[in-house]
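Chains as they are written, first to last, in my numbering: chain P, 1 to 300; chain R, 1 to 282.
It cannot be assumed that every hint is accurate.
What the hints assert, rightly or not - If we take Cβ atoms under 7 Å as the criterion, some of the chain P residues that face chain R in the derived model are: (1) L51; (2) I52; (3) A79.
Since the hints were made in silico from the structure, they are not lab data. Since the model is a prediction, treat every value here as computed from it, not as a measurement. The beta carbon of each residue, even a glycine, is placed where N, CA and C say it ideally should be.
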Amino acid sequence: MILETKNLSKSFGPSKAVDNLSLEIPEGSVFGFLGPNGSGKSTTIRMMTDLIRPDEGEVFIQGQSVQKKHQKALGKVGAFIERADFYKHLSAKTNLEMLARMDGKGYSQIPIVLERVGLSSRANDKVKHYSQGMRQRLGIAQALLAKPKLLILDEPTNGLDPQGMKEVRDLIKELNNEGITIFISSHLLNEVQKMCTHVAIIFEGKLITSGSMNTLLTESEIFTTEISVEPIEKAKSILYPLDWIIKCDERNGVLMVNTSQDKISDIIFILVQNGCAVNSVISKTSLEDLYLSKTGTNGA
Amino acid sequence: MALDMIGLIHNELLKIIGRWRSYIGFIGIAILMPLILWGFSYGGGEIHDEYASELGNNFLIVGSIFNAFLATYIVMNAFWIHMPFLVALAAGDAVAAEGASGTFRIILTRSTSRIKILFAKLFATWIYTALLILFLAFMSLGIGSLWLGSGDLIVFDKGILILDQSEAWVRMALSFGLAIFVMCVVATLCFMFSAMVDNAIGPIVGAIFLIVIGYIIMAIPIELFEKMEPYIFVTYFDVWQQAFKDPIPWDHIIKSLSILVIYTVGFIGISIAVFLKRDIKS
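Working from the sequences, and respecting the hints, build out all of it.
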């Protein structure tokens, strides 16, 4: 595990923001961290990055305690927390130079990360002249400066237009392909579902569920695929005996099948091979369904 | 390690340079000093003649009595109460501004320890403070020398003390050195408050409030306050004036500096204790 939280707890006054939270983030994953507003996501992320001291528990990054060995633990971590706030009177380049000076490395990375987030041509502009979207991208750039192995991103697509969101999503996938583990908190469940290999949901400071996206969606028996097929009875009799089909029911003239996402193509293949006509296949389950079923709320 | 710190101090100085508030003290001095020197130049004739006629019978005065040294001495006495305000304007921002602007989130999540960042901020604040006092010295002594000329320095302190020109330079250097030290104590006090909050106004008000309380205690001649005086740091703020006594009371200067050092260490200790435990929620 590249990142672990062990029995993390934090209270602000009488209210418990995080309650005995233990998470394990596998190396190489894109880990989505979800929960409603006030559920303790930001507090957890701030404890992971040593901005907030836990009352109990510890955070380990590559086996080093963030609380006891700050420098070693955060040496290979890039973080972008909530909003991209910079020294507005300085240029993007000067801001990054200051941060590279703090890291004691990363000068050579400055043009690379600026290029990567599409800000090369505006590198010498003062940050106060940047749009919110540009600041968000600069926020991601500063997180990449120290060539991190772990990237902690808290709402990185805030303030971005759909095109900007897609660019960030693509960038995250690209970074993950390069071997960087991504821990991401986002309100946008659809975005998380598209990007993440793993997910954890917290509610009122407590961990509700955690695991690989596929397993969670499948095992929760809510990963449902709607298959319009003829003849429907024949299709049902073909699929029903398969041991990897969790559930197979007829509803309103279509088959509702519960199985893992990667088996959909197998189902279509088997049905067609057995002479069934598959008219349409629609995925009916989303992370949102899982999220709502776990938290009973309307949004992350 | 040393290179790390130089880099961090460099960063902090860039931040200070970028804040408009940092220039208030310099602008104030740059406006006031020429005005004061102009006042001495055009309105000091009568005082000059009076001094010259009284002293001239008994002493041989080299140069003008109303010269840059005397102007600087008078200015320092007049300015002394107000300098802490100018120093506090920058020191109050040192840590609190990062909280207010949210930039703690990008600097404290890096691999640099909090204590290094705190000390870099403190050293940068001291450098700013020293530059402000040196600017005052430049404007009063430097510009004053060009405008009013130089000469012997006449100081009234339990009698008349006349310091010749070469000695006056040495005493002025000592005096400004002590002044820098005292103002660094003020800066550290303000810095301590700055490490506690996310708002730069609070530290400025807090530091000035404590200093004013100290001055009030010193000014009211009641027994309780007189007993408290030796323990109040403000009591030692006028240590720079010892540079103009003859002989220089080194024991008094060392005692004053020692007490101010103790206070400074205390302020720094509190800053460290608060800042290392502080949760960054902004």
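To see whether the hints hold, each was checked on the structure:
no.	hint	in the structure
1	L51	4 Å, holds
2	I52	4 Å, holds
3	A79	4 Å, holds
Checked against the numbered hints above, the structure breaks none of them.
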